[in-house]
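Chemist: With these hints in hand, go ahead and build the complete structure from the sequences.
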Amino acid sequence: MQYFYTDEDTNSIPIDVVLKSEFSAWKKNQSKYLQNWIEASQFKAKASNVLRIPNMQGSLEKVLVIAEIENLMWCLGLCAKQLPAGKYHINSSHKDNEQLYLGWGLGAYQYIEYKKGQDKLCKLHIDGAIDINQLTAIIQAVTVVRDMVNAPASDMMPQHISKECESIAQEFGLKISECIGDNLITENYPVIHAVGRASAHEPRLIEFIWGDPQHPRVSLIGKGVSFDSGGLDIKSAQGMRLMKKDMGGAAHAAGIALAVMRLKLPIQLQVLIPAVENAISGDAFRPGDVLTSRSGKTIEIDNTDAEGRLILCDAITKAVESKPDLLIDFATLTGAARVALGTEVPAFFTNDDSSAADLMHASEIVNDPIWQLPLHQSYRYMLNSDIADIVNSAASGYGGAITAALYLKEFVPPETKWIHFDVMAYNMRARAGRPNGGEAMGLRAVVEFLQKRYTNQQ
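In the working numbering, the protein residues as written are 1 to 458.
Mixed in with the good hints there might be a few duds.
Unchecked claim - Calculated pairs, DSS-like style, for lysine-lysine (alpha carbon to alpha carbon, straight line, at most 30 Å):
no., residue 1, residue 2
1, K87, K44
2, K95, K46
3, K297, K417
4, K235, K297
5, K46, K28
6, K116, K27
7, K264, K417
8, K44, K20
9, K87, K62
10, K116, K81
11, K62, K95
12, K20, K95
13, K62, K27
14, K417, K175
15, K163, K116
16, K20, K115
17, K95, K116
18, K87, K235
19, K81, K46
20, K163, K175
21, K452, K409
22, K44, K116
These are computed hints drawn from the structure, not numbers from a lab.
Modeler: Here it is as structure tokens:
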């Protein structure tokens, strides 16, 4: 991985970061040559706009970037792709702002695994006041999510998700454990097995644990549906087109785990990833089937396309057996959350008001938007079944994100603090620092939240 930073500033090119509100005054103080160049270039002072400024010999002398104070992080988000290869440094009173460097790194990301072309390298000089370990931990974590989600489903099946987790774990001297195929029945993960049994790629539960057992345990679960056809309740072609991203929850769990371990947070981290392909075959689970979960609760299948919550419930039951201090799950769970908040703001639910407030505060600090939706218990009736303890999907089309969260809540003991994220994990449009494709959503907020929560306990 390349993170587009350097500690060398020799022969580096300055990037003047100028606030939009101060541009006119700044321009008046520049040389006549520079003023004329700005005019001739028809440069507009809009946020994240980039202007290359040559010297009299035609070589690049400096770069002008427009910023807005409320969105400072993203002003360098287009630079690494618009500028020629070379070394750069920030020339601004904001040069000690870590978010500037983060925006540069996030914008430098390219997914070129399957595309011919040269990987251009622009490097930004890191000022001594910047915490390089924090910066690179976040960049690496986001890169993990983006790479995993962007990979085609054929190369991100359950066994490939396992290899990604193994690669991360090995870096910290850990081994992953896996329960695979029919062993899921033997080891009492029957719902994970039922959802994944139709695929030629064996379903599995992936687990690894890091940290001091004396520290508070945080259990992190990620939905790992490698591809979601919808099962026998098959999706439309349009609905299936982006379903390679349905393992986005697993990618978030892997990315957050990497950041937690790199930053050496004072927790014991348990990572659980149920990984399956929701495929169609003669052995696929069916609408109307009743499954018995690890918890003992019986589940009537209303819709095979509500498979993510099924595999999560066995993983949640496994996690709560060790009585974690905090349980967090990530999942690309419902279209209803996207209807409520759009594709760029992930929804979260929690049974702990204090955690909700702290999460929202962390989100604001790191400019990583999230929004809380209610666990409205009155909607629980929509999950009632005539023949089982619960149905996996409400027949009503209303409140789908809430009923999905209420379904998961059934498997969380009241005394367990729990946070559930329902994320898109994909940018439907390119923006500064946020290229089209796989995306970490809520990851930076959660890492900030965990740092503040557990570092302050020491």
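Chemist: Against each hint, give a clear statement of whether it holds in the structure.
Modeler: Do the hints match the structure? See the list:
1. K87 / K44: OK: K87 and K44 at ~25 Å, within 30 Å.
2. K95 / K46: Distance ~20 Å between K95 and K46 Cα, so the pair holds.
3. K297 / K417: Within the cut-off at roughly 21 Å; holds.
4. K235 / K297: holds (27 Å)
5. K46 / K28: holds (18 Å)
6. K116 / K27: violated (41 Å)
7. K264 / K417: holds (22 Å)
8. K44 / K20: Holds, because 10 Å separates the two Cα atoms, which is no more than 30 Å.
9. K87 / K62: holds (11 Å)
10. K116 / K81: Holds - the C-alpha atoms of K81 and K116 are around 16 Å apart, at most 30 Å.
11. K62 / K95: holds (16 Å)
12. K20 / K95: holds (17 Å)
13. K62 / K27: Holds, at about 14 Å.
14. K417 / K175: holds (27 Å)
15. K163 / K116: holds (25 Å)
16. K20 / K115: violated (37 Å)
17. K95 / K116: violated (35 Å)
18. K87 / K235: Violated, because 48 Å separates the two Cα atoms, which is more than 30 Å.
19. K81 / K46: holds (18 Å)
20. K163 / K175: Satisfied, since the Cα-Cα distance of roughly 11 Å is no more than 30 Å.
21. K452 / K409: Between K452 and K409 the Cα gap is close to 25 Å, so the pair holds against 30 Å.
22. K44 / K116: violated (33 Å)
The structure does not agree with the numbered hints 6, 16, 17, 18, 22 stated previously, though it agrees with the rest.
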